[in-house]
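Number of protein chains: 2
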Amino acid sequence: MPLSPKSPAFDPLSVVTHTGNSYPAEFSGASAGRLKRRLGDHGGLSNFGINHVTLPPGCASALRHWHSLQDEFVMVLSGELTLVTDAGEQVLGPGMCAAFPAGRPDGHALVNRSGVEATYIEVGDRTDPDEVDYPDVDMQVKWVDGDQRFVRRSDGTPYD
Amino acid sequence: MPLSPKSPAFDPLSVVTHTGNSYPAEFSGASAGRLKRRLGDHGGLSNFGINHVTLPPGCASALRHWHSLQDEFVMVLSGELTLVTDAGEQVLGPGMCAAFPAGRPDGHALVNRSGVEATYIEVGDRTDPDEVDYPDVDMQVKWVDGDQRFVRRSDGTPYD
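So the sequences go chain by chain: F and W. Last residue of the first sequence: 161 (the working numbering), numbering continuous. Last residue of the second sequence: 161 (the working numbering), numbering continuous.
What the hints contain is simulated information worked out from the structure, not anything from laboratory work. A virtual CB, placed ideally from N, CA and C, is assigned to each residue, including glycine. Be aware that a few hints might be false.
[To be verified] If you want a taste of the chain W side facing chain F, the calculated C-beta under 7 Å gives, among others:
| no. | residue |
| --- | --- |
| 1 | K7 |
| 2 | L40 |
| 3 | F49 |
| 4 | D72 |
| 5 | T83 |
| 6 | Q91 |
| 7 | M97 |
| 8 | P102 |
| 9 | V133 |
| 10 | Y135 |
| 11 | D137 |
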């Protein structure tokens with residue numbers, strides 16, 4: 002194997018990392034340690050996103066959520082991650098997958114409840130106008146004046 | 002890890018396999034041993050396909066090709082695969098990735114030139130009317146009367 006793959010190939014761990022998330026401050030803590038590498042963007046893809054994600058112990062992939070129009074798929078690469086859905090919790094090890102079809106109202110999140118770092122890849126398309134529901138909190142993503150906004154499910158008011 | 006993940010999680014190796022390909026007979030040999038598991042379809046996804054592919058020694062992923070409208074992405078899971086593009090050949094080991102943006106006229110294929118089985122995942126969206134070019138042979142996929150057909154680049158006539 003060459004030490005440095007040549008374009009269009011690349012080592013995913015060579016891709017720039019992004020931390021943090023865009024949630025309102027009161028919900029941002031659980032995923033604050035998430036490290037994301039945008040592999041599809043790096044490779045010039047636009048029809049779907051594919052990310053390499055690293056979750057340190059205690060960190061969650063996201064608030065539990067589901068998309069109205071966008072499909073999602075995950076595969077665990079290393080470590081153990083707890084998948085949380087309406088069916089409960091289950092621990093997924095390397096190679097295990099999960100699929101979340103658009104419009105199925107079952108929120109999902111991956112949580113690293115182990116003592117060691119875990120990694121996975123996630124794939125999602127970019128069908129719009131996608132909306133998102135977060136069943137465990139009073140929040141949704143809705144389109145407001147042409148932009149996606151975090152709003153309260155209870156009364157539709159936007160978060161700051 | 003549970004022995005049997007529960008929906009929406011699953012073990013990719015539990016998914017039904019498909020062999021063979023849809024190429025005209027004169028081009029079907031190089032990928033005849035390819036074993037494909039349609040993970041996205043299995044999980045109820047429709048906006049993109051994600052497959053787990055096993056290539057025995059000597060087997061190719063496909064004829065070298067590129068898509069007009071659909072993005073593609075691959076990640077090697079096990080073994081070593083030779084990526085062939087206009088830039089030449091390079092061997093990719095586990096974890097290495099490659100991205101093939103829609104409309105970039107650089108054909109790609111993965112070939113297992115090693116002595117042991119190799120596996121990878123491939124992702125592709127389903128944007129239509131997608132067309133495909135196979136630069137090493139006299140073939141393209143074109144839309145004819147509302148259907149995708151293998152035709153000769155040289156004179157547009159369909160393969161049987």
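Hint by hint, here is what the structure shows:
| no. | hint | result |
| --- | --- | --- |
| 1 | K7 | 6 Å, holds |
| 2 | L40 | 6 Å, holds |
| 3 | F49 | 5 Å, holds |
| 4 | D72 | 4 Å, holds |
| 5 | T83 | 11 Å, violated |
| 6 | Q91 | 6 Å, holds |
| 7 | M97 | 6 Å, holds |
| 8 | P102 | 4 Å, holds |
| 9 | V133 | 15 Å, violated |
| 10 | Y135 | 17 Å, violated |
| 11 | D137 | 17 Å, violated |
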